[in-house]
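Top to bottom, those sequences are chains A and B. Counting from 1, position 56 in the first sequence corresponds to residue 56 in my numbering; the numbering is continuous, with no gaps. Counting from 1, position 78 in the second sequence corresponds to residue 78 in my numbering; the numbering is continuous, with no gaps.
Derived from the structure by calculation, the hints contain no laboratory data. It should be emphasised that the depicted structure is a prediction, and the values quoted were computed from it without experimental measurement. Beta carbons: idealized from backbone N, C-alpha and C, even for Gly. A few of these clues could be false.
Okay, the calculated beta carbon distance ranges per label pair [unchecked claim]:
| # | chain 1 | residue 1 | chain 2 | residue 2 | range |
| --- | --- | --- | --- | --- | --- |
| 1 | B | GLY25 | A | HIS42 | 36 to 42 Å |
| 2 | B | GLN35 | A | ASP297 | 49 to 55 Å |
| 3 | B | SER79 | A | PRO278 | 47 to 53 Å |
| 4 | A | ALA140 | B | SER3 | 32 to 38 Å |
| 5 | B | ALA84 | A | LYS394 | 52 to 58 Å |
| 6 | A | GLU274 | B | GLU16 | 23 to 29 Å |
| 7 | A | SER134 | B | GLY11 | 39 to 45 Å |
| 8 | B | ASP46 | A | LYS277 | 47 to 53 Å |
| 9 | B | ASP23 | A | ALA136 | 29 to 35 Å |
| 10 | A | LEU319 | B | ASP46 | 26 to 32 Å |
| 11 | A | ALA175 | B | ASP32 | 49 to 55 Å |
| 12 | A | ASP297 | B | ALA84 | 54 to 60 Å |
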Amino acid sequence: MITASFHGESIMRYSAFSVFLNALRGNKSWQPAWRSPVPKNHYDVIIVGGGGHGLATAYYLAKEFGMTNVAVLEKGYIGSGNVGRNTTIIRSNYLLQGNNPFYELSMKLWERLEQDFNFNAMVSQRGVLNLYHSDAQRDAYTRRGNAMRLHGVDSDLLDRNAVRQMLPFLDFDNARFPIQGALMQKRGGTVRHDAVAWGYARGADMRGVDIIQNCEVTGIRRENGRVTGVETSQGFIGCGKLALAAAGNSTTVADMVDMKLPIESHVLQAFVSEGLKPFIDNVVTFGAGHFYVSQSDKGGLVFGGDIDGYNSYAQRGNLATVEHVAEAGVAMIPALSRVRVLRSWGGVMDMSMDGSPIIDRTHIDNLYLNAGWCYGGFKATPASGFCYAHLIAKNEPHETGRAFRLDRFARGRMIDEKGVGAQPNLH
Amino acid sequence: MASLIACPHCGPRPKEEFTVRGDAGITRPTPDAGQEAWHAYVYLRDNPRGRHKEHWHHTSGCRRWLIVERDTMTHVIYSAVDAATIGETV
Chain A
1 MITASFHGES
11 IMRYSAFSVF
21 LNALRGNKSW
31 QPAWRSPVPK
41 NHYDVIIVGG
51 GGHGLATAYY
61 LAKEFGMTNV
71 AVLEKGYIGS
81 GNVGRNTTII
91 RSNYLLQGNN
101 PFYELSMKLW
111 ERLEQDFNFN
121 AMVSQRGVLN
131 LYHSDAQRDA
141 YTRRGNAMRL
151 HGVDSDLLDR
161 NAVRQMLPFL
171 DFDNARFPIQ
181 GALMQKRGGT
191 VRHDAVAWGY
201 ARGADMRGVD
211 IIQNCEVTGI
221 RRENGRVTGV
231 ETSQGFIGCG
241 KLALAAAGNS
251 TTVADMVDMK
261 LPIESHVLQA
271 FVSEGLKPFI
281 DNVVTFGAGH
291 FYVSQSDKGG
301 LVFGGDIDGY
311 NSYAQRGNLA
321 TVEHVAEAGV
331 AMIPALSRVR
341 VLRSWGGVMD
351 MSMDGSPIID
361 RTHIDNLYLN
371 AGWCYGGFKA
381 TPASGFCYAH
391 LIAKNEPHET
401 GRAFRLDRFA
411 RGRMIDEKGV
421 GAQPNLH
Chain B
1 MASLIACPHC
11 GPRPKEEFTV
21 RGDAGITRPT
31 PDAGQEAWHA
41 YVYLRDNPRG
51 RHKEHWHHTS
61 GCRRWLIVER
71 DTMTHVIYSA
81 VDAATIGETV
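Full structure from sequences and hints, please.
So this is what it looks like as structure tokens:
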């Protein structure tokens, strides 16, 4: 069996061969995918938040930048936050200069992720279609598609017949919102979200990163204008650099160093239906309202819509939004009216003031910030981790993450993809 | 989010009749207050995990602006008063 040795421990490399061999042994010799270490007194880097972005950051710090004396502190368990609550969509169909190359970097990292971290993340490039319903919307999507192509990203503008061949069950002749066509990114798709957390956790752990679960940061200790460590539910832990990646709870952590953020926390709900036979092959979004759907390999329809619209840290939302999402879904696919919803849940979104994220240094020299992902954080996970690790390791932003500065609001350099201004619940 | 908001004019009404605007605790600076004050006003938010005062408009009711205090962690509503009774926030 192929094994790699790190820190004196033998870690099994996953392969078809290892699955076969373990089956012969009655599946009794599988090892935990990561350790549960007792925190050390001091780390070179502490990452606050063991979500997708925090774990990816730790992974790339260890793998690409040679920093292995790193801890990831997670107040719950790995995968309990937004990385396990999203609708698993990946895409890089962004319009603006600061966004597109970043999300395309993410897409390229997704494309080789499974080989890179030796974990089956079920990356499925099944294509993402954004439907358009009017001439004006077609023009807007043409512009977006052209912007993508200028950035070297594939995009296809489909007419009504092309969409009908792919998705014959859509309501093409809806009286109010007839479907005229779609903008398609073939390389977009879905990824098994939990496996992303697990794969990054395992890859970081095997390179020496300590992943410490059930460890809530309750305070940040400072001396002479620098962070010296964090108070946690498992005691004080010292650090050379502190990196925040707390998503919806970013404000709570930033408050500990009196840093006020351009962020509001909002609840976003998502849904999964009972298992059905395969019928939706792609990710499809409704252009006339906020609704998007794909079908998981288990057969459940995974779908979602808008945020509820009010500040919330509750990880649960309201029935009115459930009704709104269902109405939009049925307007797009009338057959959905017969489908039963199995589960719904909510996640806390760190909604920024321009709808774009922040990966930057802060007013404290050794404190770094990764926040403001709104409801688009999952697709960004690899690039966010990569660019954040670059920033932490080199104190210099990675070239594709350069635009996501904390001071862009003060400088008037907003990256407002939707063009709605400083109103977080509209992004 | 609680299902009902007790409008001081209309009584307990479904929250779907209301439109949320956001943080009611922010004071609009004077025109000459300087860039920093205006930046804070437009972009920075307390975003508390707990009690939060917000502007809600009773769009489908009396069409009055209310100040609703509620808990962002539990969604409990503590109070709803007409914004005019609080007065100018200058």
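Results for each hint:
1. Taken as a hint, the range 36 to 42 Å holds for the pair B/GLY25 and A/HIS42, whose Cβ atoms sit roughly 39 Å apart.
2. Between B/GLN35 and A/ASP297 the beta carbons are some 52 Å apart, a value that agrees with the proposed interval 49 to 55 Å.
3. In this structure, B/SER79 and A/PRO278 meet the distance hint of 47 to 53 Å, their C-beta atoms being roughly 51 Å apart.
4. Range check, A/ALA140 to B/SER3: about 37 Å between beta-carbon atoms, so the 32 to 38 Å window is met.
5. Remark: the range hint 52 to 58 Å for B/ALA84 to A/LYS394 is upheld by a beta-carbon distance near 54 Å.
6. Judged by the Cβ atoms, the range 23 to 29 Å given for A/GLU274 and B/GLU16 holds: they are separated by roughly 27 Å.
7. Checked against the given bound of 39 to 45 Å, the beta carbons of A/SER134 and B/GLY11, roughly 41 Å apart, stay inside it.
8. Taken as a hint, the range 47 to 53 Å holds for the pair B/ASP46 and A/LYS277, whose Cβ atoms sit roughly 49 Å apart.
9. For the pair B/ASP23 and A/ALA136, the supplied restraint of 29 to 35 Å holds, since their beta-carbon distance comes to about 34 Å.
10. Between A/LEU319 and B/ASP46, the C-beta spacing of about 28 Å keeps the proposed range 26 to 32 Å intact.
11. Here the CB-CB span from A/ALA175 to B/ASP32 is close to 53 Å, well matched to the stated 49 to 55 Å.
12. A hinted range of 54 to 60 Å for the beta carbons of A/ASP297 and B/ALA84 is consistent with their spacing of about 56 Å.
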